[in-house]
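Residue numbers (our numbering), protein chains in the order written: chain A, 148 to 449; chain B, 443 to 694; chain C, 44 to 395.
What the hints contain is simulated information worked out from the structure, not anything from laboratory work. Keep in mind that a hint or two might mislead.
Computed cross-link-like contacts, EDC-like style, restricted to lysine to aspartate or glutamate with a CA-CA straight-line distance of at most 16 angstroms [said to hold, decoys possible]:
1) K344(A) x D373(A)
2) K266(A) x E127(C)
3) K266(A) x E114(C)
4) K266(A) x D373(A)
5) K444(B) x D125(C)
6) K270(C) x D373(A)
7) K444(B) x D304(C)
8) K627(B) x E559(B)
9) K617(B) x D125(C)
10) K575(B) x E495(B)
Fair warning: this is a prediction, and the values are worked out from it, not measured in the lab.
Chain by chain, the residues:
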Amino acid sequence: MNYRLLKQDINLKPFMTMPPQFNRKTIVMRTDKVYKCEIINIVELTGLEKLFHLKILDPVEREIFSFRPGQFIMLEVPGFGEVPISVSSSSNNREFIELCIRKSGRTTNMLHRAKKGAKVGIRGPFGTSFPMEEMAGNNVLLIAGGLGLAPLRAPLYWVIERRDEYRDVAVLYGTKEPEQMLFTYQYEEWEKVNHVKLLTIVEKADKDWKGRTGLITELFEEINIDPDNTYVIVCGPPVMFKFVCNHLDSLGIPMNRMFVSLERRMHCGMGKCCRCMVGSTFTCVDGPVFDYWSVLNLQEAI
Amino acid sequence: MKYLGIETEKVRIGVFDFTGCEGCELQLANKEGTLVSFLDLLEVVNFREISSERGDNYDVALVEGAISRDNEIERLKQIREKAKVLVAIGSCACFGGVNYLKNRFSMENVVNEVYGEHKVETRRVQSIGEVVKVDLEIPGCPVSKEEVERIVVDLVTGADIKFPKYPVCIECRQKLNTCVFDLGKICLGPITRAGCGAVCPSSKVGCLGCRGPAEDANYDSFRQIALDHGFTAPRIEEKLKFFNALGAALQK
Amino acid sequence: MIYKVITKSEFKKFINGLIKENQTFGPRQVDEDINGKPIYQFREVHSFDEMDLDYTVTYSSVKNFFLPFREILSRYTFQGDDWEQSLEYRVNPRVIVGLRPCDINGLAILDKIFIKGAFPSPYYLARRNNTFLIGMDHEPLEDCFCESLNHHVVRHGFNLFCSDLGDRYYLSIDSSKAFNFLKNVETTEPTKKDNEKFIARKNFIERSFKTRVEVTGLPSFLDIEFKSPIWKKWGDKCLNCGTCAMVCPTCYCYGIEESIDVSLKTSRKERFQYSCNIVDFAEVAGGHNFRPLREDRLKYRFYHHYRGFAENAEEPICVGCNRCGRACLAGINPRDVINDLRLESKDELPAT
Chain A
148 MNYRLLKQDI NLKPFMTMPP QFNRKTIVMR TDKVYKCEII NIVELTGLEK
198 LFHLKILDPV EREIFSFRPG QFIMLEVPGF GEVPISVSSS SNNREFIELC
248 IRKSGRTTNM LHRAKKGAKV GIRGPFGTSF PMEEMAGNNV LLIAGGLGLA
298 PLRAPLYWVI ERRDEYRDVA VLYGTKEPEQ MLFTYQYEEW EKVNHVKLLT
348 IVEKADKDWK GRTGLITELF EEINIDPDNT YVIVCGPPVM FKFVCNHLDS
398 LGIPMNRMFV SLERRMHCGM GKCCRCMVGS TFTCVDGPVF DYWSVLNLQE
448 AI
Chain B
443 MKYLGIETEK VRIGVFDFTG CEGCELQLAN KEGTLVSFLD LLEVVNFREI
493 SSERGDNYDV ALVEGAISRD NEIERLKQIR EKAKVLVAIG SCACFGGVNY
543 LKNRFSMENV VNEVYGEHKV ETRRVQSIGE VVKVDLEIPG CPVSKEEVER
593 IVVDLVTGAD IKFPKYPVCI ECRQKLNTCV FDLGKICLGP ITRAGCGAVC
643 PSSKVGCLGC RGPAEDANYD SFRQIALDHG FTAPRIEEKL KFFNALGAAL
693 QK
Chain C
44 MIYKVITKSE FKKFINGLIK ENQTFGPRQV DEDINGKPIY QFREVHSFDE
94 MDLDYTVTYS SVKNFFLPFR EILSRYTFQG DDWEQSLEYR VNPRVIVGLR
144 PCDINGLAIL DKIFIKGAFP SPYYLARRNN TFLIGMDHEP LEDCFCESLN
194 HHVVRHGFNL FCSDLGDRYY LSIDSSKAFN FLKNVETTEP TKKDNEKFIA
244 RKNFIERSFK TRVEVTGLPS FLDIEFKSPI WKKWGDKCLN CGTCAMVCPT
294 CYCYGIEESI DVSLKTSRKE RFQYSCNIVD FAEVAGGHNF RPLREDRLKY
344 RFYHHYRGFA ENAEEPICVG CNRCGRACLA GINPRDVIND LRLESKDELP
394 AT
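One chain only, chain A, in its complex shape (with noise of 0.2 angstroms):
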């Protein structure tokens, strides 16, 4: 007589020794296994925001991991939170990761103390990318509001790395007030060495400042934009995006060429836990970038 069931236990199985590669969504792995990474630098950029220089310290998971332009990770401060963070670096860059993280929770008050040297994990990288390849060949216009411009970092060292490959390149980046303004110490270097076109405005002007003043759609009118032969990536507030997206699309740039990035509260970064749907769409795994038409079928995405 034997009815012992046998156990079946999965931690005894390869992929259960092997670190996790996040960019095969469809094999069993340690799904919560993290990259232990090192804080190599700080940057203070604004008040609110901070630039984290992260470096994985194993070498084979450092080798694992590589990411694309608008591909997000999951920043964990071990026993404070995880959060999703757009990665704001080259892509080509494989020593380490920038992370331009504001300051606004629990997660990120921590991390905002944290000295060099600190040791957090990250999971990643999560959810899909913008076309770059597609885009070589064409004007590639960046538009970005506020923390919006972390996000578009990515693409843009992209585009400069192969500046030949792609026409004109512009970035519109407009925020509330001139404090708030991101990497502003590498404005210079975008104009004069990579040949990029930068406009900016603030809503609100302090007393140094002395560039424009209003919304961001006024820049419009400072540029010319080729529709048939330009791509577009925006990032921002969802208004700003709404407004942004309008314009262009009265201009003629087919839908299709305008890409988005969400924004929304992910909890585990792979299509689970439904925090970050919009409509019936998983921002983690079907996004966070998405072309204008995709979110304009999207229930409740502006």
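Starting from the known structure of chain A, fit chains B and C onto it as the hints suggest.
Frame of chain A, contents of chains B and C only:
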């Protein structure tokens, strides 16, 4: 936390009681399994129930009980002055609690009824927040030790403190309890903030709302449900006002 | 699939054999409601007689055996200025007896999401692999509507399924484990008459449904009715308490929480079962809430259930057990909400 390069510092606390049963204070000294680690996070400067220390160099004052006498107001204001952070612990401190029931009667009647010939001075009951500025409220009758532990850990590490926003029902269903309404009793679980682990409904006792309202609690629907279950309107209001925790929210 | 027939007394021997060797859960009466109706839950059992196999339906589903309400995903141990992460997927083998078709079909839907979809969950997989499921058919209750969703029959996702033939069970065997265990007791090959009885039993169950919910075309219908005033009507009743999602066999939305031990030496990352009805479900950093209204949140649960997402796109993940309807204090149930929506859209059509 050392791994982030952040040093943790012990929290210097003082624990003080006003009108209440001191059950919350007792709760702080409860849970033997973790008590040693818990006290390790603290430097107790003043805590009558567990130590003879009577210092006043505390950073965090945990205040239990409601205010019901004139001399308590003075004492509370002094504590407020010394404390960097004042935490109201327990439903009496946060909302007035059971003591608040007294406010339905004239103070004269109250004194006669309770003390007869040996009259004492008394006043309308107030929550701590009605008298001084409160930085943090930890509700519950009594407070949940697990929650206090979590909050103290957050204070020590400097992390943001979070409370559940959802109602008790979630925790109750997760314990696979039978709904107290199904047992023919009224339960404030659907509108009360969770975090207690649904202790009362787990013992088949209806929730009395000691932790205050859940965020966006649907009072109208709750009243209708209670009426549909055969409870009279006065009975429902009586329940809602029990700790003055939901009553306070209703008036807002 | 292999079919056998077993007498009820042999079946009892079989179950007692399993109980003796393995941790076993089964339906038990836990309470009686104010109207004298028994309330059942799946609880651990130590003998066959502790179970109430003639039970109607359990108040909560078996979902939490596979997606526990709270589960530790990983632990961190702090040491000096460093930490170590540890992950475990250890589950002891267990048996669950008496699952209804809705429970089994619910698991089949969760399998699609947690095993067959993107990023298969090792936690779920470990639990699923180590659980032996014995299903049982039943006559539908007044408000069961699984037949409308074609979930009154089971095809796969169990080890053994028993159809009641009066004094015997007609067994559908869907795993080698079950096949081998059954060698311990006396079973017979089904006769022609048994097969007839089995089919008659199936037909009888199918005919006994009293509640029907029209789900044809519901996915596109829900898209069209996204701004319907019906949502407000039901949203006003909704307590946003999450009860429906907790008792549901397929509601799987969750949240992640981390907490540090009082000793400050370890921390754990936990998954906790959540519900899209809960006020802060769609809240993002900085406090913005993408679904600030009760009706938004209520609608969202229906949207997920009848429209289906990702792996289940365009197909309902509802199995029609009506546990949510029974448990909801506010009387919100799928039948009434869906009928309401359909009626409302009829009103909008010009009279013919």
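Here is how each hint holds up against the structure:
Between K344(A) and D373(A), the direct Cα distance comes to roughly 15 angstroms. Compliance with the 16 angstroms bound is thereby established for this hinted pair. For the suggested pair K266(A) and E127(C), the alpha carbons sit about 10 angstroms apart, so the restraint of at most 16 angstroms is met. Of the pairs offered as hints, the one joining K266(A) and E114(C) is violated, with about 25 angstroms between alpha carbons and a cut-off of 16 angstroms exceeded. Taking the CA atoms of K266(A) and D373(A), the gap is about 47 angstroms. The hint is violated against a cut of 16 angstroms.
Proposed proximity of K444(B) and D125(C) is supported: the alpha carbons are some 8 angstroms apart, at most 16 angstroms. Straight-line distance between C-alpha atoms of K270(C) and D373(A) comes to about 37 angstroms, which puts the hinted pair past the 16 angstroms bound. Distance hint between K444(B) and D304(C) is fulfilled; the C-alpha atoms sit about 15 angstroms from each other, no more than 16 angstroms. Taken as a hint, the K627(B) and E559(B) pair is broken in the structure, with Cα atoms around 40 angstroms apart against an allowance of 16 angstroms.
As the CA atoms of K617(B) and D125(C) are separated by approximately 36 angstroms, the hinted pair breaks the 16 angstroms bound. Between K575(B) and E495(B), the direct Cα distance comes to roughly 26 angstroms. Violation of the 16 angstroms bound is thereby established for this hinted pair.
Hint violations for this structure: numbers 3, 4, 6, 8, 9 and 10, all remaining hints satisfied.
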